[in-house]
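**Student:** Kindly generate the complete structure, drawing on both the sequences and the hints.
Each protein sequence line maps, in turn, to chains U and H.
Each residue of the first sequence is one higher than the last, beginning at 1 in the working numbering.
Each residue of the second sequence is one higher than the last, beginning at 1001 in the working numbering.
Read the hints as simulated data drawn from the structure, not as lab findings.
Here a beta-carbon is modelled for each residue, glycine too, at the ideal position from N, C-alpha and C.
Just to be clear, a hint being listed does not mean it is correct.
Some but not every residue of chain H turned toward chain U, in silico, with C-beta under 10 Å [as the list claims (entries may be wrong)]: (1) Lys1025; (2) Met1026; (3) Arg1034; (4) Ile1285.
Every beta carbon over 12 Å from chain U, so not counted as near; a handful from chain H, in silico [claimed, not checked]: (5) Asp1007; (6) Glu1018; (7) Lys1021; (8) Lys1075; (9) Ser1078; (10) Ile1097; (11) Gly1215; (12) Ser1228; (13) Asp1279; (14) Pro1284; (15) Asn1306; (16) Glu1307; (17) Glu1314; (18) Tyr1329.
Here are the simulated DSBU-like cross-link-like pairs (lysine-lysine), alpha carbons at most 35 Å apart as the crow flies [unchecked claim]: (19) H:Lys1089 <-> H:Lys1075; (20) U:Lys21 <-> H:Lys1075; (21) U:Lys130 <-> U:Lys25; (22) U:Lys21 <-> H:Lys1025.
This is what each chain is made of:
Number of protein chains: 2
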Amino acid sequence: MGDLSRDELDGIYAFAVELGKQAGKMLTDAAQLRISGGSGSQKEQEHVQKENAVDLVTETDENVEAFIKGQIMEKYPSHKFVGEESYSKGTSRDYLINDDMTWCVDPLDGTVNYIHLFPMFCVSIAFIHKQKPLIGVIYAPFINQFFSSCAGRGAFLNETQQLPLVRTPVPALPSNAPSGCIFSCEWGKDRRDAPDSNLHRKIESFVNMAAEVGGRGGRGGMVHGVRSLGSATLDLAYVAMGAFDIWWEGGCWEWDVAAGIAILQEAGGLITTANPPEDPATAPIEEVRLGSRLYLAIRPAGPSSNETGRQGQERTVREVWRRVRNLDYSRPGA
Amino acid sequence: MGDLSRDELDGIYAFAVELGKQAGKMLTDAAQLRISGGSGSQKEQEHVQKENAVDLVTETDENVEAFIKGQIMEKYPSHKFVGEESYSKGTSRDYLINDDMTWCVDPLDGTVNYIHLFPMFCVSIAFIHKQKPLIGVIYAPFINQFFSSCAGRGAFLNETQQLPLVRTPVPALPSNAPSGCIFSCEWGKDRRDAPDSNLHRKIESFVNMAAEVGGRGGRGGMVHGVRSLGSATLDLAYVAMGAFDIWWEGGCWEWDVAAGIAILQEAGGLITTANPPEDPATAPIEEVRLGSRLYLAIRPAGPSSNETGRQGQERTVREVWRRVRNLDYSRPGA
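**Tutor:** Spelled out as structure tokens, the structure:
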């Protein structure tokens, strides 16, 4: 961790946890206003009615980011801040995270869910140093799921239950993965119907993962279940928990995944790129690049009788790569 | 309600609510054993490791059903009981619900989620009289979401928040629905790769709902989001809540949907058949047949300036029918 002491990091973690709780409360307070029809309800109602707008950003989103940024700048004025809202309003589309101590924040992930009051929305706060997410806080206040981690301290659900949840022992990945696995994926906002669009590449990949073994010209993965929550952040949290075995996605941004990556890695999970390399069977499995917009996450795994947990994870990565298409998302500077 | 008084029904409702709470606690207690590695953990672990078995039934499932059935038979010995587990073990595949007072119970919906400890699992308890689900109780204990309803008394989240959640006013359905809607659907267990299999009919329908407007030969629905939770029961609960606008599914059974239908209808939602009639634009929209295995649910909706809530729901049903394929599920006696 270089110029960052254990004590300093622990202090930042405690601060991030409190910040997450307060931001989560802002999200539920604003939702409650809409439910009970308070003074803010008409404006919120307009958002709900704003049809056909898949990329919808609420006022709450901006308020919560301003709050989080203000708290951080007051406590740690030397740290950098990268947030979804400020990025969207900026002129650069470059990847802005360097070796500095940086907070990477999504004040509201699962915006569409939040608009519709489906509980799978959350605040996501990551602290990054030397390009590595060291602290992650994810809070889904509507369902009281608070995920947090700090490098060297473990990852937790609601501050008490260590992740992954099943740990005596941590289950190995199935020997015939992806069969037996819960596969988490998202349809996303890119719905162009062109023949080789990301939508169709995704669908082809999803169907390969889902179809019976032997189907799809040998690509059928017969996963145990296919899940789509509408929140990349919570997808990652559930992979860290061990509830989802595999998450595969393209198109999201560093603030969607930074906290989730911190929590997943601290829990023992693996994360690499969504796009299969030229030789998926033998290519080295590299650590994810945070700004790559292409992610494949595998849950924490224990050993089986004939392989280590890491070997099981790598085997699962290769089995996924064999079944998915390359997605077309890029990023300047990443 | 014929030979059932208001007082009697209220008494049955209070009993059902308590029953749901106890059954939900049994589910979390059994999950906790697995997490902390108690005496039951090895057996449970075997279930987790039982790869490739999409239709997995746990011991807990059977225990909870036996408990619920026992409590009901003790309190109301004259009532009939239809449960997932007892049905599966019986010889008849017929639809068994008639005009008698009948409890229709799924002790554990979202079994795959439960195996993996993904929180979207629940107990589902319905009380049916003269073929109509009058009481519904759905409890997802891991995320503290308790849904309940009784005919004439309203539908509620956690016994205090009336459904749908946004009610001042209840929002109209978008004028260009399914655009602007959250579409909930499930991949299910039927993953045969034959050219016109249910898997491919579902996928074609999902893609029509998701693709950009103008895409898919004019069928593109550009829904706001596509969600798959792995629990038909919770899908319906979230439609009743107003969080999901549309749920479309084939293949589930009456115990998967009876409580959800009770709650949805009491909240003001509409439920009919998944399979489009010959003329989707003009065919009458009939009330769902409980045992039909084919369901299309639309959330509670308020009026807009030019149509009633019901008109908006029927318009949305027709827009969905225009985009989906017939599914091939049938049922003797339904």
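**Student:** Does each hint fit the structure? Answer for all of them.
**Tutor:** So, going through the hints one by one against the coordinates:
1. Lys1025: 16 Å, violated
2. Met1026: 18 Å, violated
3. Arg1034: 6 Å, holds
4. Ile1285: Given a least distance of 22 Å, the restraint on Ile1285 (chain H) is violated.
5. Asp1007: 31 Å, holds
6. Glu1018: Correct as stated: the minimum Cβ-Cβ distance to chain U is 22 Å, above 12 Å.
7. Lys1021: 17 Å, holds
8. Lys1075: 32 Å, holds
9. Ser1078: Its Cβ never comes within 12 Å of chain U, the nearest being 39 Å, so this holds.
10. Ile1097: 28 Å, holds
11. Gly1215: Violated: least Cβ distance 3 Å, not greater than 12 Å.
12. Ser1228: 5 Å, violated
13. Asp1279: 26 Å, holds
14. Pro1284: 27 Å, holds
15. Asn1306: Nearest chain U Cβ is 14 Å from Asn1306 (chain H), so the label holds.
16. Glu1307: 14 Å, holds
17. Glu1314: At about 18 Å from chain U, Glu1314 (chain H) clears the 12 Å cut-off, so the statement holds.
18. Tyr1329: Fine: 17 Å to the nearest Cβ keeps Tyr1329 (chain H) off the interface.
19. H:Lys1089 <-> H:Lys1075: 24 Å, holds
20. U:Lys21 <-> H:Lys1075: 44 Å, violated
21. U:Lys130 <-> U:Lys25: 31 Å, holds
22. U:Lys21 <-> H:Lys1025: The given pair, whose Cα atoms are some 27 Å apart, holds under the 35 Å limit.
Hints 1, 2, 4, 11, 12 and 20 from the list above are not met by this structure, while the remaining hints are.
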